[in-house]
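**Q** Chains as they are written, first to last, in the numbering used here: chain B, 3 to 290; chain L, 704 to 937; chain R, 15 to 346.
Hints should not be assumed to be uniformly reliable.
Some residues of chain B that are not near chain L, with every Cβ distance over 10 Å (derived) [claimed, not checked]: (1) Ile61; (2) Leu71; (3) Ser95; (4) Leu152; (5) Tyr166; (6) Thr169; (7) Ala173; (8) Gln176; (9) Met181; (10) Leu183; (11) Met184; (12) Gly185; (13) Tyr214; (14) Met277; (15) Val280; (16) Leu285.
As a list, the in silico SDA-like pairs of lysine to any residue whose alpha-carbon atoms are at most 20 Å apart [as the list claims (entries may be wrong)]: (17) L:Lys772 <-> B:Pro188; (18) L:Lys772 <-> B:Thr165; (19) L:Lys772 <-> L:Thr758; (20) L:Lys772 <-> B:Thr90; (21) L:Lys772 <-> B:Gly94.
Keep in mind that the hints were calculated from the coordinates and are not lab data.
The C-beta atom is built at its ideal place from N, Cα and C for all residues, glycine as well.
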Amino acid sequence: MIDPIFLLEAAVNGILLSGVLALLALGLNLIFGVVDIVWIAYVDLVMVCMYLVYFLVMIYGWPLWLAGLASVALGALLGLGVHLLIITPILGSAPVNQLLATGGLLFFLQSFATFLWTTDHRTVRLALPILEVGGMFLSFVRLIAFAISLLAMIGLWVFLRRTYIGTAIRAVSQDREAMALMGADPQRVYLVTSAVGGAMAGVAGALLIIQYSVHPFFGAAFGPLTFMICVLGGLGNMVGAFVASVVMSEIISIGGVVISTEMGYVIAFVVFIVMMFVRPGGLLVRRG
Amino acid sequence: MLELRGVTAGYGHFTALWDVTLRVEAGEAVAVVGPNGSGKTTLMRVISGLVAARTGELVFEGNSLAGRKAHEVVRHGIAHVPEGRRIFPRLSVGDNLRMGAFQPRARQAFAESRARVYDLFPVLRERERQPAGSLSGGEQQMLALGRALMSRPKLILLDEPSMGLAPVLVLRLFELIRRVREEGYTILVVEQNVRQVLKLVDRAYLLEVGRIRMEGRAAALSEQDFVRKAYVGL
Amino acid sequence: MRPGRVVGAALLAVLALGPVLPMGGMRQYVLHVLIQIFVWSFIGGAWSLMGRFGLVSLGHGAFLGLGAYTVTLLWNAYGLTPWLGGVVAAALTSVLALVVAYPCSRFQVVGHYFALVTLAVGEVVRLLIIAERNWTGGSLGLSLRASPHDSVLAMQFADKRVFYYASLVLWLAGLWIWYRVDRSMARAAMEAIGEDETAAASVGIHVTRFKMGITMLSASLTAVGGVAYAQYITYVNPDTLAGIGVSLRIVFAVVLGGMYSLLGPTVGTALTIALGEYLRVVFGLRLIGMAETIYGLLLILFIIFLPAGIYGSLRDVVAGLARPARLASGLR
């Protein structure tokens, strides 16, 4: 029998992990909702941002916060680049082509990262304490990462609710054609969306590199999970994304302690598949 | 104000409009009537730039609209209230109106435009904070109209405004459209409800299988045996 | 189609004579590449059966892996001949396909969502293989227990030429199945167009059943492809036989070639394998990752500039006429 304290610790760690995952899912969700294309290579952009932070901090000695800002900027640039170079030419193509174009980007980024930086695992180590709370060991780094991802999500929420262009982005995700009739150039809205989605990847990259090591196949490890949380959350539903993220992270975290890491993922993915049948509009949306 | 000459348009291999010529003068209200699938909606979409015309000329106030995309056409002063209203259901009523004033010129006059829209449709002011999707059908149509007015248009394209509304509401809606018209807007409306729309407009065109079959003053057209039998149901 | 037939027959003759043509020291290598092309073309063809119905699966790695692991494990543990193991593998796979595809159809999970569900299935199979490392070897993979001598029963042969002919036959069988399905799809499309409304509704139900059938066929053929691959390479690994990477590669090859034509999957597969081999030979052990980088870059460019696929675009130019394949695609 497993000590309940381990379970509790796993549960808390699950919640801490869910912050970054929710952030990623929201970024992807934003792009999917507006442009209607799943960026298969989304988490590979995160991987590139993680490398940036690693090199800036460990090699060039930048302070972490500045490297984090650089990561956000790089993410936004990557988002713009992906949209302009890959998505724009295939906007009218068949869905399978759209999936494949960003799938090609996935191969490209993984291999190019292998070529540039080899398959070594790299980490940014922070001299922050491990907290002991009632017998549980909690990483202070993870607490901070969780707090920052919450802040980033609130920032995104304010942007989408309170700014003009943010409202326009939500409008486009509800009815693209009607928004063109209002005078919004779809391409401009797509670009802003892709940049914001990319910036979210940048934030996530900075938060992930202080918790996990980065390697060229990082995207393959986190990518599928991110897609699933994105879909489970429901399009354009921020609360849903967070709830989905918590559910999936808890399954993985607790499943990982009770059975094995892989089985944790297996259960999470099976839950995803079943939920797609039961609640196709997202966890919080009843079948309409 | 608006002139179409020899416009042909369609989707893929399908041609929905053949050689359509049509004219709307400033201050006029003009209807295009015709049976289902006659190309009425395509006509509206061609004018607002959602569908590109294959051949022909589109001129609005002396400027050619040929090759203009939808978001550019709005800036010339044409607002399109699409078929099925197409409001943003998960945005509040207020945000829907804000989006209506997206283009810079309209955004500057936002407060003034909104006051005018609220005067025309007081119910929208009451519902300002509600999600648009929670409005009734009639209210949604008002919102769609109000949203179009927010772009400060000169010409309003109305595509099947009465669709999906109960008969009582249809009468009220046409009353509201009449009031919009009295505010000085030029209107081009596409309708199935021929009897009502002919009371509203000055002139009308009859569109059949993508071709203009008849054109005339509304009163004269509604007297025509052919139209009466086929569409007015008298 | 007379000249086409002549070219086809000539090509087939060259392929049949492949192993005896003079190729110097290159023979083993050329045969190896051709076997890969035949097997992966067969798998690509199986994928395209579904793909052309709008059922874009990113989970064919699951079927492939399930097929390959089933025969390997049955042979290693119980000495069951791959002939029977293959049947078991195909049956298991088509059950898995049905378990996934039926609710997808029932609950209208289509488009991107279908792709993501199948992707999840692929990941589940890959992770299960890794998790059950006690008997699957986990991420280290698993070798096929070698038979002491060449054996038809064990489906193991020292001579590559046997595998060459076997995979050639497999590939031709795949083409034949593809052609038969194409014909019956065309017929179904004709019926749907020809009948009146109520009949069309019943055809609609028919189409759902048809889709289930196609999905199961596609999955079990993919499993057979996995069996062939495992028997030839005699080594299975979760990353090369399951998961997103391999699934994406299959789809890439098919879309690149053109999924609406008989030879599209083959052309695309031949091209991607040839490209991969070429880049591998050019870069060798230098610049690790560069070959794949260029591969990825070319794939993006292909998708952008040849949306209908190479073979598809070519044939559109040459023929330009609506063929049964096109008609059937209207059924989606």
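**Q** Tell me, in ascending order, the numbers of any earlier hints that this structure violates.
**A** 5, 6, 7, 8, 9, 10, 11, 12, 18
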